[in-house]
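Protein chains: 2
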Amino acid sequence: MRVLILGGDGYLGWPTALRFSARGHEVTVVDNFVRRRWVDGVGSDSLTPIGGLAERIDAWREVSGNEIRCFVGSVEDGEFLDGVVAETQPEVVIHYGQQASAPYSMASREKAVETQHGNVIGNLNLLFAIRDHVPECHLVKLGTMGEYGQPEIDIEEGYIEIEHKGRRDTLPFPKLPASLYHCSKVHDSTNIHFACRTWGLRATDLNQGVVYGIETDETADDERLITRFDYDEIFGTVLNRFCVQAVIGHPLTVYGTGGQTRGFLNIRDTLQCVELAALNPAEAGEFRVFNQFTEQFSVLELAQLVKHAGEHLGYSVEIQHYDNPRVEKEEHYYNAIHTKLLDLGLEPTLLGEELVESMIHAIERHKDRAIETAIDPHTRWNPGEPVQL
Amino acid sequence: MRVLILGGDGYLGWPTALRFSARGHEVTVVDNFVRRRWVDGVGSDSLTPIGGLAERIDAWREVSGNEIRCFVGSVEDGEFLDGVVAETQPEVVIHYGQQASAPYSMASREKAVETQHGNVIGNLNLLFAIRDHVPECHLVKLGTMGEYGQPEIDIEEGYIEIEHKGRRDTLPFPKLPASLYHCSKVHDSTNIHFACRTWGLRATDLNQGVVYGIETDETADDERLITRFDYDEIFGTVLNRFCVQAVIGHPLTVYGTGGQTRGFLNIRDTLQCVELAALNPAEAGEFRVFNQFTEQFSVLELAQLVKHAGEHLGYSVEIQHYDNPRVEKEEHYYNAIHTKLLDLGLEPTLLGEELVESMIHAIERHKDRAIETAIDPHTRWNPGEPVQL
Numbered sequence: 003m004r005v006l007i008l009g010g011d012g013y014l015g016w017p018t019a020l021r022f023s024a025r026g027h028e029v030t031v032v033d034n035f036v037r038r039r040w041v042d043g044v045g046s047d048s049l050t051p052i053g054g055l056a057e058r059i060d061a062w063r064e065v066s067g068n069e070i071r072c073f074v075g076s077v078e079d080g081e082f083l084d085g086v087v088a089e090t091q092p093e094v095v096i097h098y099g100q101q102a103s104a105p106y107s108m109a110s111r112e113k114a115v116e117t118q119h120g121n122v123i124g125n126l127n128l129l130f131a132i133r134d135h136v137p138e139c140h141l142v143k144l145g146t147m148g149e150y151g152q153p154e155i156d157i158e159e160g161y162i163e164i165e166h167k168g169r170r171d172t173l174p175f176p177k178l179p180a181s182l183y184h185c186s187k188v189h190d191s192t193n194i195h196f197a198c199r200t201w202g203l204r205a206t207d208l209n210q211g212v213v214y215g216i217e218t219d220e221t222a223d224d225e226r227l228i229t230r231f232d233y234d235e236i237f238g239t240v241l242n243r244f245c246v247q248a249v250i251g252h253p254l255t256v257y258g259t260g261g262q263t264r265g266f267l268n269i270r271d272t273l274q275c276v277e278l279a280a281l282n283p284a285e286a287g288e289f290r291v292f293n294q295f296t297e298q299f300s301v302l303e304l305a306q307l308v309k310h311a312g313e314h315l316g317y318s319v320e321i322q323h324y325d326n327p328r329v330e331k332e333e334h335y336y337n338a339i340h341t342k343l344l345d346l347g348l349e350p351t352l353l354g355e356e357l358v359e360s361m362i363h364a365i366e367r368h369k370d371r372a373i374e375t376a377i378d379p380h381t382r383w384n385p386g387e388p389v390q391l
Numbered sequence: 003m004r005v006l007i008l009g010g011d012g013y014l015g016w017p018t019a020l021r022f023s024a025r026g027h028e029v030t031v032v033d034n035f036v037r038r039r040w041v042d043g044v045g046s047d048s049l050t051p052i053g054g055l056a057e058r059i060d061a062w063r064e065v066s067g068n069e070i071r072c073f074v075g076s077v078e079d080g081e082f083l084d085g086v087v088a089e090t091q092p093e094v095v096i097h098y099g100q101q102a103s104a105p106y107s108m109a110s111r112e113k114a115v116e117t118q119h120g121n122v123i124g125n126l127n128l129l130f131a132i133r134d135h136v137p138e139c140h141l142v143k144l145g146t147m148g149e150y151g152q153p154e155i156d157i158e159e160g161y162i163e164i165e166h167k168g169r170r171d172t173l174p175f176p177k178l179p180a181s182l183y184h185c186s187k188v189h190d191s192t193n194i195h196f197a198c199r200t201w202g203l204r205a206t207d208l209n210q211g212v213v214y215g216i217e218t219d220e221t222a223d224d225e226r227l228i229t230r231f232d233y234d235e236i237f238g239t240v241l242n243r244f245c246v247q248a249v250i251g252h253p254l255t256v257y258g259t260g261g262q263t264r265g266f267l268n269i270r271d272t273l274q275c276v277e278l279a280a281l282n283p284a285e286a287g288e289f290r291v292f293n294q295f296t297e298q299f300s301v302l303e304l305a306q307l308v309k310h311a312g313e314h315l316g317y318s319v320e321i322q323h324y325d326n327p328r329v330e331k332e333e334h335y336y337n338a339i340h341t342k343l344l345d346l347g348l349e350p351t352l353l354g355e356e357l358v359e360s361m362i363h364a365i366e367r368h369k370d371r372a373i374e375t376a377i378d379p380h381t382r383w384n385p386g387e388p389v390q391l
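Going down the list, the sequences are from chains A and B. If you want the working numbering, it's the 1-based position in the first sequence plus 2. If you want the working numbering, it's the 1-based position in the second sequence plus 2.
Just chain A, same shape as in the assembly:
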């Protein structure tokens, strides 16, 4: 299969490229390395010492004998993206090429605009490129569970059947996005759904939970193939952050009570899910939505798990409750359906103390690279008075 991966230099994009390449697919990656610049700009760096994309592609060729093709450029540049799609004629496009940090999007007007412009216009350019050059191509788009927010009802996978005043329809599930980044993902979903209805494109929106983990089968093959790993307040996801904090002796940064409940999944399962989606494409005209996570946890449960695992390994781990920099419910109903990927064959990698211990061991090898000043939460959702929810 001809696979085009946008954002192929990233935390998930790079391991995804290796996975598809390892399976014998013809892989092309696109990146403009802006994620590296963003992380640098907030005073942080990947914990893992990743090489340049060209070096990593060379290492992969050496290890596997497989070629990954690479284009350097931005999805915001419509003509560039058009050219890449026309030249590579992908059968599936996997779109990770977006600004994916909620705090980054909330840090300033400029960063909010950068996030929404980059994400929405990049994705819109892609929809036109697919329509004009490869209308049968399957778009696999990374969405997020954060698009739904915390409604008082169960969260379904993309759609909900509504009975209203004696009539009935199945409509897009209402969204209450949790940041301007999450808003941008809702915008993307709206645009992709429109493109499927109007142009007959086929797309799968993977509303992904919070990803954790540091290794996949392919990145573990060779030190040079490792993927980036962020742990700062802006780009680090919560469990990854906690594990680094445990190793370097920083208190675990729980925001508020820690009662916030979300769906989580292992990076290995991200690859499984994306592969399952790609191998089982949506129909022409279909906008398919999968909720992509394996387990629900509260933030405090994760902190306790990391504390326990860390202490088991001899670390002294403290949990500290910080004033919540976000505007969000800390105690709330949360039940999100996530059966569609299981139906396609997903075999979840479940989270437990052993898995956290293995993450801690992987982190230990690079702990001297950790920049402790980048850890505490400084980016507030609301710079004014606290808002009552």
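Simulated from the structure, these hints should not be mistaken for laboratory data. Hints are supplied without guarantee of correctness; some may be wrong.
Because identical chains share one entry, a pair is satisfied inside a single copy or across any pair of copies.
Think about it this way: if two alpha-carbon atoms lie no more than 27 Å apart in a straight line, the pair counts; the simulated DSSO-like pairs of lysine-lysine are [stated by the list, open to error]:
hint, residue 1, residue 2
1, K342, K167
2, K331, K167
3, K369, K342
4, K167, K309
5, K342, K309
6, K309, K369
7, K309, K331
8, K331, K369
9, K369, K167
Given chain A, put chain B in place with the hints provided.
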């Protein structure tokens, strides 16, 4: 009241500025005249011979003795908009400053990107400017009924109570926008709702139906105060188009069967609604949605009404069914609730033959300016094969 009107040079923005000024409010308008350039760019022009904004403001001063303040610039320029908001300290911002044509947004990738960038980023800039300078200010945002599309259930005003698996919540009404322009308005609604939830802003989203009409009380005062009037396939709304077509002897351009049903309102009622919203602001943190139209009609009903009125005035009027350039249902359920503005005191101007005749009379004065080549539909929603709905 200090009133800031974005898009104050436009079809609705200009009469709105006059209305608030006539009522003694302190009015500032912002525009960058891009609508004039867009219309020129598609080979058309306002049927009415409007003067420059400065000339019109001068004429209004002469007629009314009232001053309208004006800033020339783009809402996409965050620093410019920030400066205007900081300087004028508005109590209400009325945001018309957007690309408002569905066909324009569907004409090419470039125009789609221009539409979504301008609308989404301009509105996002505005949210930050309000948050940072006038957090108590009431945002009155023009949305569109086209955000909802044609669901099989009744369309409520912004929200719907959903009972699901024994639980219940009131959530944003699901949207099925009808073009990439309409998508941009959904994006705006999502962003504004987020800003209200997160920053405690107060906003009213006026999901407006299709506007028709050529005059308001104030624009009728003096020839120099007339507002623009578009009738081309891109920027003309359907009833305005039909009236011009009747006068110049062009067949009425019904797309497909004409069974498409929508909500409509007179331009005079737009002004009433905006004024009612401004005088009755949303609460802090509230994102209020009004469906702003007065009557539902099918396109064919409107064509028949114009044919009848035109023939009564001695015109020979033919109705012609064109291949539908849009991807839309032509026969569908449609029932949209619109009681909230009535509850605030809206007194609808109802559409009838007499009103159409008065529009035809107003159009007759400028009929020599009509550019007939701009009328037939050329902008297709889907340049490829027809999509089965």
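Violations among the numbered hints, reported as their numbers in ascending order: 3, 4, 5, 8 and 9
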